[in-house]
Every structure is written in C-alpha cells, then in structure tokens.
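Student: Next come the chains, spelled out residue by residue.
Protein chains: 4
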Amino acid sequence: MKRIGIVGGTGYTGVELLRMLATHSGVEVTCLTSRSEAGKTVASLYPWLSHYGQLSFEEPSIEALSDCDLVFYATPNKIAMNEASALLDRGVRVIDLAADFRFSDVSLWESAYGGPHGAPHLIQEAVYGLPEKYRADITGARLVGNPGCYPTATALALMPLVEASALSDANVIIDGKSGASGAGRSARTDLIVAEASDNFHAYAAGGHRHAPEMTHQISKMGQDVSVTFVPHLLPMIRGIEVTAYVCTSLSVTEAREVFVSRYQNEPLVSVVSDGEHPETRWVRGSNRCVIGVYQQQHGQLIISSVIDNLVKGAAGQAIQNMNLMLGLDEFEALPIYALSP
Amino acid sequence: MKRIGIVGGTGYTGVELLRMLATHSGVEVTCLTSRSEAGKTVASLYPWLSHYGQLSFEEPSIEALSDCDLVFYATPNKIAMNEASALLDRGVRVIDLAADFRFSDVSLWESAYGGPHGAPHLIQEAVYGLPEKYRADITGARLVGNPGCYPTATALALMPLVEASALSDANVIIDGKSGASGAGRSARTDLIVAEASDNFHAYAAGGHRHAPEMTHQISKMGQDVSVTFVPHLLPMIRGIEVTAYVCTSLSVTEAREVFVSRYQNEPLVSVVSDGEHPETRWVRGSNRCVIGVYQQQHGQLIISSVIDNLVKGAAGQAIQNMNLMLGLDEFEALPIYALSP
Amino acid sequence: MKRIGIVGGTGYTGVELLRMLATHSGVEVTCLTSRSEAGKTVASLYPWLSHYGQLSFEEPSIEALSDCDLVFYATPNKIAMNEASALLDRGVRVIDLAADFRFSDVSLWESAYGGPHGAPHLIQEAVYGLPEKYRADITGARLVGNPGCYPTATALALMPLVEASALSDANVIIDGKSGASGAGRSARTDLIVAEASDNFHAYAAGGHRHAPEMTHQISKMGQDVSVTFVPHLLPMIRGIEVTAYVCTSLSVTEAREVFVSRYQNEPLVSVVSDGEHPETRWVRGSNRCVIGVYQQQHGQLIISSVIDNLVKGAAGQAIQNMNLMLGLDEFEALPIYALSP
Amino acid sequence: MKRIGIVGGTGYTGVELLRMLATHSGVEVTCLTSRSEAGKTVASLYPWLSHYGQLSFEEPSIEALSDCDLVFYATPNKIAMNEASALLDRGVRVIDLAADFRFSDVSLWESAYGGPHGAPHLIQEAVYGLPEKYRADITGARLVGNPGCYPTATALALMPLVEASALSDANVIIDGKSGASGAGRSARTDLIVAEASDNFHAYAAGGHRHAPEMTHQISKMGQDVSVTFVPHLLPMIRGIEVTAYVCTSLSVTEAREVFVSRYQNEPLVSVVSDGEHPETRWVRGSNRCVIGVYQQQHGQLIISSVIDNLVKGAAGQAIQNMNLMLGLDEFEALPIYALSP
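Residue numbers (numbering that gives the first Met the number 0), protein chains in the order written: chain A, 0 to 340; chain B, 0 to 340; chain C, 0 to 340; chain D, 0 to 340.
Treat the hints as calculated values from the structure; they're not laboratory data.
All C-beta atoms, glycine included, are put in the ideal place defined by N, C-alpha and C.
Just so you know, not all the hints are guaranteed correct.
[Unchecked claim] Pairwise CB distance ranges (calculated):
1) A/Arg134 to B/Arg208: 25 to 33 Å
2) D/Glu265 to C/Gly206: 47 to 55 Å
3) C/Asp104 to B/Gly298: 18 to 26 Å
4) A/Ser218 to D/Gly206: 43 to 51 Å
5) A/Ser35 to C/Glu27: 47 to 55 Å
6) A/Gln296 to D/Val251: 26 to 34 Å
7) D/Asp273 to A/Ser24: 32 to 40 Å
Chain A extracted, bound-state conformation:
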C-alpha cells in the first residue's frame, strides 16, 4: 500500500482526490492537511464522503508529509514551489495541481504569475502531467506539474494537429466555457445561485493566465502557436468545453482521421463521428475527454473538446499521473463511466 499525502484537501480538487482515491486498491491517504480545518474528520466536513470514517485533517508540516510516498498539492499557486524541494530530498514524490511547475521556462512563469519562483532549480526536472503526451516521462518522475483545466481540454484538442504540423497559421482561437466549480469553493457574491445561475458571460477577455500555459505547452508539441483565449462562466457545476478555431490545409475528413489515429490507443480520449457534438454531461465525474472535429464552407477547422474540469482537468489527471509515477496501473481508480443524467 503506497502512502499518500494531500496538502490543502478542503477545496474541490482535494475533495475529488479523496473521492477517487477511496476506490484505489493500491494506495491509502495517510496524511491530509489543512490549516483551517485541522482536527476535523473528512466525514464531518464532507458528509458525502462519510465512509472515510476517522481520517482527519492535520496541520500542514513537512515532517508529517515525509512519511508519504507521494504528496498532492491541492493548494493555491506558490505553495508547492516552496515545499517541493524538502519533500523530494526526503524521497517523497510530488504532484502540484496548481501552476508552479507547468512551465519549463521560469521567465514565462514569472511573467504570468509574478514575482520570483521559489524553486527554479526544479523547473527543468518537473514533467508536465499530460499522460497522453508525456506518459514515458511521467512514469517514475519525482515531480509533476499537473495541467490546468482549460489547458488540458485545449492541449488534447490541438495536439494531433501540431504534432502533424498541420496548422497553416500560428494564431489559434480558444473559446472556453467552464462550470462554476472551476472558480473553486469560494464565498463570492458573483458565484451565488441568485447571480450565477440562469446567467452567462465572458471573463478575463483581455487576457487569462491559462493562455500562456496553452501557448507554451502546445508550442512544445511540434508547431509554434499563439493562443487567443476567452473563458466564459457556465451556469452549471461541472464541465469544460473549448471550441478551437484553427487554420489548416487539411480537409475535415483528413483532420478527423488525424485525431482518430492519434487517440486510437488512448482509452480516455474519444473522437465522435461526423454530426455528433461532445456534451459535458458525457464526461461528468469521469476522467475522459471527448472531441469533435468540424468544418464549415471556409478553410478554418473547428474542434470541440469536453472534459470534467475537476477530474481530467484536475484531480483525476493527477491520480493518473500518480499511478504512472508509482508504477501502478495507469487507469486504476479513474472513473470512465460518467454520471448522466
């Protein structure tokens, strides 16, 4: 039984890690930390996880975490970068679900997130945790930067094309839409039902932090891209859909074939047939990504990609990475059947 730690297990990504790890036969959550909830049991805070019994939150400390085989940082940005080194030195592997280790170039990180990075020496070692791209590197890795939710949906939507050098123009447009759980468990007036349900709007249309991550990571896959990204807030709980608009000389039939071929051995990524459109409910609670490819009269290609932002977009992908890092079955404990209706 591998011993797992979770730092900051009180946000939605922490809750989702707990939900999925509960069904894992090869690991056990032995250390769960939260400054604000120390002393409370999982069951008392999350009645829907009441079968965790007496597992309790404790004060965060490197000492307590050192006993683990792997630690998840389900924390805000700029926490993991200050603690990873100490854990790695003690032989503990680390997955950061925030953005500290998503860039292989520290200056890009600094321009997106500000201030000096707390562990620039680890940037090069850290692997970007997108298994469909970096499976071999993640296997056995000590440190993984788990991709952002929008970047995951986007990277999977563009990877087959950039790997095939099929883009005829670097400019790509990503129109993203996310369920409200993407904003986290925050007491914000603009997120309450009376304001955010039966409502829709763009946000950060002048520039969002996920755009540099997309530009950086997708460019590394084969073709330089320059991403224009506009996110929108959906009046629902879970799910991300991105609609990508790209220029290519491929016909839609050729393009769809590129996608089918690229993902044929990826059990968690599906490509729908002509005429079908991926729906976020098809992946609700599951670790899958579903993709559709379209074209109208003009040359531009349209790709629609859906994931569950909390699963493939966060905690599920993190567990997939954990499985690879620890030499376990990559797909253990990853839900593949969605909850629908």
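Since the structure of chain A is already known, use the hints to place chains B, C and D on it.
Tutor: Coordinates of chains B, C and D only, in the frame set by chain A:
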C-alpha cells in the same frame, strides 16, 4: 460470472443499471433488450457509457432472457407481471423496478393501478425489495418488487418509528420533492429546461400512486399508518427529499436515538446530528440514504430523508437486491461516495 | 410627484424596489442610501438598471430622508425601529421590509428576534402590510411593517379558512420552499452554484423566525393557529411555494369555493381549478399569488400557494402598500404579467 | 387604438408578444390564431398572462386577420411568405418573426432554407427589422423581416466596425451561446431538464442557418464579411451571448470608441467599460443589447454581445419594428429594466 439481463434498458433506470453493473466483478450483462433500439450498441446510444464496447440492444424475447441468472425489468408498469412467470419457470430470477410486485394484496394493487393483475399467483411470493427491512427474505428470493423512489425515502424515514410503535396517530404527512429525472426520459414540454428549470410546483396533490404503496408497506412494518402524500417537481436532475410530519410522544432526542440505533449496522443509511440537514447532493450518484430528525415547540416530529431517486430509489437498490438474491456481497458495485460538487 | 427614499438599496429588495418604481408615474426616487456604496450610481452597480442614469447612493442620514414623502427600509432587522420615530415626527411615512413592525405584541417580537425593541410605542400604530387583509388600515397609514416572504404566501393560503372559522384543529403544517434569492445577496459558500444548484435540503427544521410571525398574524385573522413550519432551499433564483396541511370539516369543493369567493375581487390573487397546480414561474417577477386547493382520501385539506419572494413577498407588496399609504392607484407599477419562460 | 393580429401565438415568441403588448397603450391584440389551440383563452393556456381575460385563440384565416392594422407571424419558416401578399393587399402590415423575409436576395434564402420562395416579389420590399440600422426604412414600411436571435446579437457586435471599414480581414468567427428557450417550446428529449441542465455542448458546428443571414446582412453594412458561426446550447432559459473574433488594425481603445460613438444615441444598446463583461442576466426580459470590446496581446479584436433571445432577439425587436411601422413611439412597451436576480 453471473449472467444478467435487462429488459427496457433505454430509460434512466436502465442506464443506471448499466453504469453500476459495469463495475461489478461478479456479474456480466449478457442480454439487453429494447424494442425501439434493437441493433444499436450501448456505446452509440449512451456516449458516457462508451466503454461497454459492442454490447447491443436486442429485441425482447423470453428465449434470449432464459439464458440469464437474473433479469431486471426496467420497464413501465404491467410488463413484468406478464413475463415473470415464464422466466421463473426457467430458473431465472426476476427484479421488477416498476410497481407490479410491490403489493402483497392484489386488490390494493388493482385499486392503485387498475385492471386485473397478470400474475396474482406470484404476489405472495414476491419480496418487497427494501434490504434494510427484508434482507433475509430477499436473500435467495426468486422474485423481488423493487420499491418506488418516494416510497424508499419515506419507508426509511418512518420505519424506525413504526417498528417501535412510536406513532401516536396513524395520520402521517409526506411532503415529497423529486428531481426531474424522476419523470423519466420523456419528451414532454413541461419537462424542458425553458419550462421546468427555475420553476417549482406540486403535482398530483389530489392523490399519487405512491401513496398506497407507502401506506401498505409502512403499515406492514408495525403500526397502521394513513399517508397523505404531496409530491413536487424540483428544477434539478437527481435527488429526492421527503419531509415527514408525524405525531409521537417521543422527544426529539429519544426519536433521534431510535433512528441511530435502528440504522447503526446499516452502512448505507446515516442519521445526521442535531442542527444538520440532509442535502440531496450528499447522495448524488450514491446508494445511500441520509436522515435528519427534528421537532419544533409542538409535539409533532419532523423527519427529512434524502436519496438519489435513480440509485437508492431505483437501480442501485435493485442491484443491492440482485446481490442478495444471487448470494454475492450485498454492497458490491454500489456507489457510496457521492459526486459533489 | 411623491418623493421616495430607500434605505439600504443594495440588497435584492432594494434592487427590486428600484426596478418597479422606475415604471411608476406618480413617484420618484429622490434619496437612496447605502453606507457601503455611497457615491456610486445605480447604473454603475446594477447594469440592468442603467436607465436610472445618474441617481447615486448617498450616506444614510435622517436629514436627507426627511425631504421624502415616504421611506422604504430595505435593511436588515433592527434598523428601521431605531429611525422610524424621527422620520414620522418629520411627517415622512415609513415602510419597513424587515421584521421590526410585523408584530402587534412586543413580547412576541422580542422572543423571536431577541433584545429590547427600539420603538415599542410604534408597535400598535404600525399596520401589517397585507393589503388583501388590511387595505383600509394601510390606506393613509404612517407606518407599515411589510410581511415576510413565507408569511405572505402562507397567510394568503390560510386566510379564507380562518376568516370562515373553517379549521377544525389549530395545528397547521407549512412545508415551505424558497428560491436562493430569499437568502439575499450574501457571499456564502453554501449558496454558490457549485453547492446550491442541483441540490435541495430543508433548513431551520427545528424552528424558523417566520413561524411566530405566521402564528401571530394568522391567528389575528379569526382562528387561533399553531404553525409548524419547515423551510427548504430550492436550486433556483426566484419563487416561493408553500404547501399547507390543515384539518377542516369542509369538503374540497366547499373549501375551494371559500377561496374563490374570498379572492374574487382581489386582482392579484388567483385560485386555480381542480387538477391544476400553481407554478412559481407563473408569478416570476410579478406581484401575484396563485393558490390551489386539494384533498386526498382523508379529511386533511392541502393548499399550495406560490409567490415571487422578491415581489409579492417583499418589494412588490411594499410598493402596493406605498400606493395605498400615499393615496395612489393601489396597482400602479405592480407587474401582473410574469416572465415565463 | 391600432388593431394587432398574432398568427401562431402559442410558441415562446407569441407568448412574449402577448406579455409586452399587454402594457402598450396604443395597440390592442384583436386577433390571435392557432390551429391547435383554437377556442381556448390566453388565460387558460398561459396562467402567467391571466389578466388577458377572455381573449381567445381562433382558427387562422386571412379574413379574420384582414381587420388588423398589423399582423405578427410568430410561426415556423415558410408560413408568412405564403400569406403576406394577401394581407398587404388588404392594407395590413406584416412582420415575420421567422426567416422568410430576412434576405434581399432570393437565391441566398433558397440555398439556406431550400425550395422556392413563396413571395419572391416581396423580397425587395421587405425591410430587415434591425432598427439601429434601418430605422428610417422601417418607419412606415409595410413588410418587415424580423432578424434572427443570433444574427441580432452578432450584427450589433460588428456593425460599428464594418460601417467604419475597420475590418482588415473578411473572416470573422462567431462563437454563439443560447439559452434553451431558443429551441422553442418543443417536446424534445434532448431539451428536458434531466438532459439539458448541468450540460453544455456545441451544435450545428458544421453549419447553421443563421450564418448565411449574418454574412448577408453584415456584408450589406459596409464591408464584405465571411462568417464562421458555431452555436452552443446553454443550460438556462433566456439569453444569448456571442463572442466575435475579428481582425482589425484598430487598437482596443480606438475600437471601443467606435462602438461608443456609434451607439451613443441608441438607448437600447450599451457599451461597457474596460474590465467589465456583459452578462445575459443584465438583459433578462429586456429589449437591450450590451456589448464589450477587448484585445489580448495579438491584433485580433474580441467583442462580446448579449441580448435576451426572446426579446431583442425576437418579440421585443418585433414590437420595436411595429412601433416604427405604425408611427408610434419606438420604445413604447419595450422593457428596459431587466429582471435580475
């Protein structure tokens, strides 16, 4: 590997049976019938269950089903009653998720559902599939009538009291609320988002078919009750909450103790503490029931009970019954961790 | 043009007062106060009310308000009671949308809300602002306590029966459900979309402050009642539905006739026919109340009543009271056509 | 009092016409037709419009409609084109809310909608009912083709730029999102709450009928454009948001100034400040359009535009056109204050 058949697998209860049975290590769905969808694969109809691969719907026939160890009827009322006998004769066990076998008195069934019953000789043999009450009888049973969704939430809310003969008045009021999936996968104008979201109303306030089932089944548990039941339609997908108002001479503390004691060995039924209120999201996608007990200044006791109408209120409870009937682990393949947020 | 002041115009009741008063031909909002938003325009805070142009929030002060003909207190409890006297002395009429003036017995108020009342000498003068009951008293009144949202829906659901002394038992059960706007514009985690949409639960089942108001005000209408009230939170924005369960010797036909007769001259209260059920969307944004009357096999009568909690349950009824107090057309500026879908 | 007819008043656009016309002081609905509901009153079908009293649906007939000053066709496509001529001949003005008269080139209409047009001789006379562009032509017109919902939001988002010849590339991308009421009052399984709430997906990504309307009408405004349009279904009732991506040499500041200047005298179109994003709830139930203009590091300009699809996107704009055609105050009966929350 036990062989399982599902008749009418195209409604929500059928879909949920498929979702949960997919994770069961001891059974396999070998026969899936639907008149309207014969020839289509599960994966093509339900993209969120795409890992079922090539399992296809076929035309319903007793012959095809005879090869199964157990058959679920996820059909409208009055289908199972005409086919159960033939299957039982061939050694196939049957669980009806509709109302055909929920009454042990045929005249009560006839007054609620109309017309002659198709298999009156089986009424006495059929066991009411509420494991928390009839676990021993269900174990090894040939024929189970799976409880209705509202009756499940209500029976679990009243059972501890009626078993303890704690009601001081037979009249009980059940104010029920159900998510829209309770109305099934029906193309009805009153269920579309533009009409039924951001909306709430009572229905069948003059009398609903689930009231006789409640009155009949709860009365069999220890004390005669007479149920007034008003259901309401919630602008959401899953979840039932019933608020029960009963007369008792117990104090709220005594009453809560009766509940805690009754359910202490039931892993899927929980009783919340004073001050907490069960929420439907705590059981979303899971086979659990969560109950709260309250009292205001007057003597009346208030019980709030929540379940997922499609799981503990239908397909999950049916699988729990299947496990018992086939001698498998009662809790195999039953989700206990809810999807929340 | 009558001059109107609004104290605390930044909550939902304040916003709704502004929305409706904008269409009133006989009044003008001349003073709008908010400590937190002083200096900002209505248009900048509420883009959906942008046609208010340059009307701005100012610091609350008795002086500024003294110039008004009537002032609405859209504030929390215990504000109006400390300021009403000064305004009344200056000839300004007052409507409190909170609970300070909803009880004609100060000890009842104190046991529900705690602490000494700030203006016990005004309690007797204040009129309970339910026009369907107290139209004559409200006309020309100086001080009105605007009813609570649940109490409005409940009082209209029981008034015809208690006026007719038709209850055969004082105990009445009120199962209430409210949209999330009833909780106000509050940055609370339990109200965000990720937690409160697709979710349902009871709250305050051990006792809610609106129960004493109901018991007190309905008892004054003709028959002593003792109310058991359990509220529930709906995953939607607007609307209250209460289902009342009462004992009576009337048949359902007789009871419905009592309702029809009582409300035949009330343009904003409707009684639906047998077989119909009032829906909250029928009153969305409007000042109406729609009521249904039912009976099952037993003697208990069931009444379902719906209002928009922010309109007839708050700001709309307040404007109705304002019209009466100022001698204007009672129904001016009150929406009667709901927004549906 | 002008006499108004509505053909097909049982869909959502018909219902919305009735809701708004009820508040109009200069017109009266004298003829309301529906084949399916003939004989029923408005009040019986739409309890939220119960103050219409005894106005009833009647069988559609040119004779009955001939008595009107103006007739709205709130019908499916290809109805108005076969009846308009007869009404115009009888001196009755006509507004079609479907697509029959939205193209000034019959071949474009035929390629988008198929089959021969029923009244090609009227195509040139018909005015495209976008008052912000064609106010002078609509004033006094006999026949108006009311714009589609997506095209309205899109045209207002692009008009200032194309009038200024500010686009540096004809290709424009329109990522559209619509509430479920846009699909009409249809008993479709994919629209029921259990399927379409808490869900999101693109549709018609390979081509949607509104794209030719956009391309045609926007090109007529000053610059040829070629529109790629992908619509998406929102899990909510009302509201359209389109995010437009266009190439221009203008800076974002210059572009925003073009918008502000263009709409400064349009009371129903607003442009938000830098940093603000239009929300669909800001226009819920109102006839307004709110627009935001943004730019990221690259040259592409981003425009976000919101309307209520049933009001400015259908019935409200139709009434605005009616007012102009009949010489009434253009803004009478048009809601400008939205219902929010």
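Student: Please go over all the hints and tell whether each is borne out by the structure.
Tutor: Do the hints match the structure? See the list:
| no. | hint | verdict |
| --- | --- | --- |
| 1 | A/Arg134 to B/Arg208: 25 to 33 Å | 54 Å, violated |
| 2 | D/Glu265 to C/Gly206: 47 to 55 Å | 54 Å, holds |
| 3 | C/Asp104 to B/Gly298: 18 to 26 Å | 24 Å, holds |
| 4 | A/Ser218 to D/Gly206: 43 to 51 Å | 31 Å, violated |
| 5 | A/Ser35 to C/Glu27: 47 to 55 Å | 49 Å, holds |
| 6 | A/Gln296 to D/Val251: 26 to 34 Å | 30 Å, holds |
| 7 | D/Asp273 to A/Ser24: 32 to 40 Å | 53 Å, violated |
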